[in-house]
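In terms of numbering that gives the first Met the number 0, the sequence shown has 504 at position 505, counting the first letter as 1, and numbering is strictly consecutive.
Watch out, some of these pointers could steer you wrong.
[Claimed, not checked] In silico lysine-lysine, DSS-like type, Cα no more than 30 Å apart, as pairs:
no., residue 1, residue 2
1, Lys90, Lys102
2, Lys130, Lys90
3, Lys130, Lys141
4, Lys102, Lys85
Worth flagging that the hints you see were computed from the coordinates, not collected in a lab.
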Amino acid sequence: MGTLEYYAAIARMAPGALAKSAVRRVQGVARQALYRRREQADEAQLLESFGATTAEALVTLALDHRASRAWCELSQRESVRAALTKLPGAKQRTQVRAAQALKQEWSVFGTPVSFGEGRPVDWSLDVLSGKRYPMEPVESLKLLVTGMDPKYPWVMGRLDSLVALAQGAWVADTQEERSRLATAFVAQTLDFLQANPVGMGVHWTCPMEIALRAANIAQALVMFAAAPEVRRPEFLVPVLGALVEHSAWVQAHLENHGAVPNNHLVSNYVGLAVVGLLFPELPGAPEQVALAVNGLRAQMDAQVHPEGTSFEGSIPYHRLSVELFTLAWLVARGAGVSLGPAYEARLRLMYVASRAWSSEVGLAPQIGDNDSGRVFPFQDRDDREQGYLSGLGAALFNDVGLAGGVFPDEAAWLLGDAGLIRFNALPVAPVPASVSFPEGGFHTLRGAGVVLTVSAGKQGQRGVGGHSHNDKLSFELHVQGRPVIVDPGTGSYTRDPALRNAMRSTAAHNTLQVDGAEQAPLDPARLFALPEDARARVVAFQPGAVHDRLVVRHDGYRGLASPVGIERTFFLDRHVRALAVGDRLIGTGRHEVVGRLHLPDGQARWCEPDAAVLARARRVQEGPEAFEARALEIGPAEAPVGWVLLERGLETSLVPSRYSPGYGRVVPAVSVEFRRQLSPPARLGWVFVFR
Numbered sequence: 000m001g002t003l004e005y006y007a008a009i010a011r012m013a014p015g016a017l018a019k020s021a022v023r024r025v026q027g028v029a030r031q032a033l034y035r036r037r038e039q040a041d042e043a044q045l046l047e048s049f050g051a052t053t054a055e056a057l058v059t060l061a062l063d064h065r066a067s068r069a070w071c072e073l074s075q076r077e078s079v080r081a082a083l084t085k086l087p088g089a090k091q092r093t094q095v096r097a098a099q100a101l102k103q104e105w106s107v108f109g110t111p112v113s114f115g116e117g118r119p120v121d122w123s124l125d126v127l128s129g130k131r132y133p134m135e136p137v138e139s140l141k142l143l144v145t146g147m148d149p150k151y152p153w154v155m156g157r158l159d160s161l162v163a164l165a166q167g168a169w170v171a172d173t174q175e176e177r178s179r180l181a182t183a184f185v186a187q188t189l190d191f192l193q194a195n196p197v198g199m200g201v202h203w204t205c206p207m208e209i210a211l212r213a214a215n216i217a218q219a220l221v222m223f224a225a226a227p228e229v230r231r232p233e234f235l236v237p238v239l240g241a242l243v244e245h246s247a248w249v250q251a252h253l254e255n256h257g258a259v260p261n262n263h264l265v266s267n268y269v270g271l272a273v274v275g276l277l278f279p280e281l282p283g284a285p286e287q288v289a290l291a292v293n294g295l296r297a298q299m300d301a302q303v304h305p306e307g308t309s310f311e312g313s314i315p316y317h318r319l320s321v322e323l324f325t326l327a328w329l330v331a332r333g334a335g336v337s338l339g340p341a342y343e344a345r346l347r348l349m350y351v352a353s354r355a356w357s358s359e360v361g362l363a364p365q366i367g368d369n370d371s372g373r374v375f376p377f378q379d380r381d382d383r384e385q386g387y388l389s390g391l392g393a394a395l396f397n398d399v400g401l402a403g404g405v406f407p408d409e410a411a412w413l414l415g416d417a418g419l420i421r422f423n424a425l426p427v428a429p430v431p432a433s434v435s436f437p438e439g440g441f442h443t444l445r446g447a448g449v450v451l452t453v454s455a456g457k458q459g460q461r462g463v464g465g466h467s468h469n470d471k472l473s474f475e476l477h478v479q480g481r482p483v484i485v486d487p488g489t490g491s492y493t494r495d496p497a498l499r500n501a502m503r504s505t506a507a508h509n510t511l512q513v514d515g516a517e518q519a520p521l522d523p524a525r526l527f528a529l530p531e532d533a534r535a536r537v538v539a540f541q542p543g544a545v546h547d548r549l550v551v552r553h554d555g556y557r558g559l560a561s562p563v564g565i566e567r568t569f570f571l572d573r574h575v576r577a578l579a580v581g582d583r584l585i586g587t588g589r590h591e592v593v594g595r596l597h598l599p600d601g602q603a604r605w606c607e608p609d610a611a612v613l614a615r616a617r618r619v620q621e622g623p624e625a626f627e628a629r630a631l632e633i634g635p636a637e638a639p640v641g642w643v644l645l646e647r648g649l650e651t652s653l654v655p656s657r658y659s660p661g662y663g664r665v666v667p668a669v670s671v672e673f674r675r676q677l678s679p680p681a682r683l684g685w686v687f688v689f690r
């Protein structure tokens, strides 16, 4: 797809977006011109803004006269400590994370790196490739280099390690421990600022990262406000100046220039809000807070559907969005600033959506991109985990519908003992029911230990694609809380463009592929664009007491010489404990049709199904009339989770595959392929019998 065709497609998918984008670009150029003419914040400017006459007075005014009641204020420390003592292992988890931050250890998308306590950090290092980004002005820095990935140094440069140090200090039992952690906070902060001058190097290339780094510096600074090591002008003055520079850069480089702004712009506003609300005296803070508050309200309306799903077209990115919007809401509330009832109501529904598709052990389906992104660095979690959001949402909104389960560490830190008291007072909510989110394009059938989530809706970001995949009518299946048939995930973005496109291709998903075609064209040069060609939608959603039926369709193959439409039916029978999946092809001509079921590992084997399994498969409505003689047994040989029985007449095979359980990690796996040449109208199908 050439440039003209691409922008023509954008114009079709998001009417008016290009014109608005052009206006925002002009405004951005003007903001950047003003930014270049401004003077950098110095000590005199900071003294004036705080009304201080000396640097020593600035320390008192900045760190002691705290009007905010945000979660990170020292006034909240005892409440947080009280909550943590009531959560098994919470203090120890905090201490482990603080110890890692103290030793300057990171697990960067699964790749460990350690620099040692008090030693300089190689902030520009891509730890996987071993290469470094040069310290050049961002205008000339080549960011996207095959074989490298800026997200790797960004993990370190976001500085959530500073928050981990502060958390460790809050739970420390001795003054010696607190002093050691505060010293590390001072050293790591200054090391980063000195090694990464404003506008130079990889850490100034992405306003999202700059904004979230500023938020982490500000929150950690407030948490350490009483530490003597922090209350020194030679530290506080440059750090407050850095917050001013970070916020000014973000304000001048807002990521609203695309046709459809996304989570990056939300992050920009979150950073501006957190810094400006925690330190309202900083130069520019009032204007930046007003900009952020209005922007957050607008983006909550633009980027979250009324049903509560993110517009990103990705369930993992839904988690990121929930945390972003929640952090802004909590800090604003602590500062006495309202984001409005509409914002709060839609935020609550985001928590409801996460609960709806999370399994019994809290894992969410990996539909769409997963870059493992989070905003709450309070507890290490699986990259696919979202179950903790239910407990946080229950305490946050005093919501019975989210209650039950576990009060997570995140809630203890953000809400303190009062949040735990509210949570414990709520009755346990009923188990989640099957639900369809037509605007988000996700549909979940659940019961009897099974959670099935299907992708059938528009491409994310209002049709631009962004973090969507060619996964229409594909699904992820969890049994007893664990993923059994999976979306293979993301791999990486720019490090390996070929892998990026392979992981978001039709063949990488649990759906039908006709004549080797893609549901929507994948432009190798546009890694975050996916046209709205499939037009996936729900035909019928029929939940019931014993069984659920979902019928979905897409028209991604209507461009073939002999057009074909695909309609897929999912029938979950809780009594029989089986799932039937049937595909109906409508169209003309003769076609080579391939279906795939991707597994998270290699634990699968062909077997002859026993009579009981075969009898159950035959009892399920919507299933095939006859089955192949062999079935696919999935799971450990000594304890399989179930059997896939395929319709008679299909050519079947197990083939090597890949599974990416989180960003930057790819492990060997297998998938089952079933294929047939046929002429529509035609049907084919299979049944999964659960153990």
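Hints, verified against the model:
1. Between Lys90 and Lys102 the CA atoms are separated by roughly 18 Å; this keeps the pair inside 30 Å, and the hint holds.
2. This hinted pair does not check out: Lys130 and Lys90 have alpha carbons roughly 37 Å apart, beyond 30 Å.
3. For the given pair, Lys130 sits about 13 Å from Lys141 by alpha-carbon distance, which is consistent with the 30 Å threshold.
4. Restraint check for Lys102 and Lys85: the C-alpha separation of about 28 Å stays at or below 30 Å, so the hint holds.
When the structure is compared with the earlier hints, a violation turns up for hint 2 alone.
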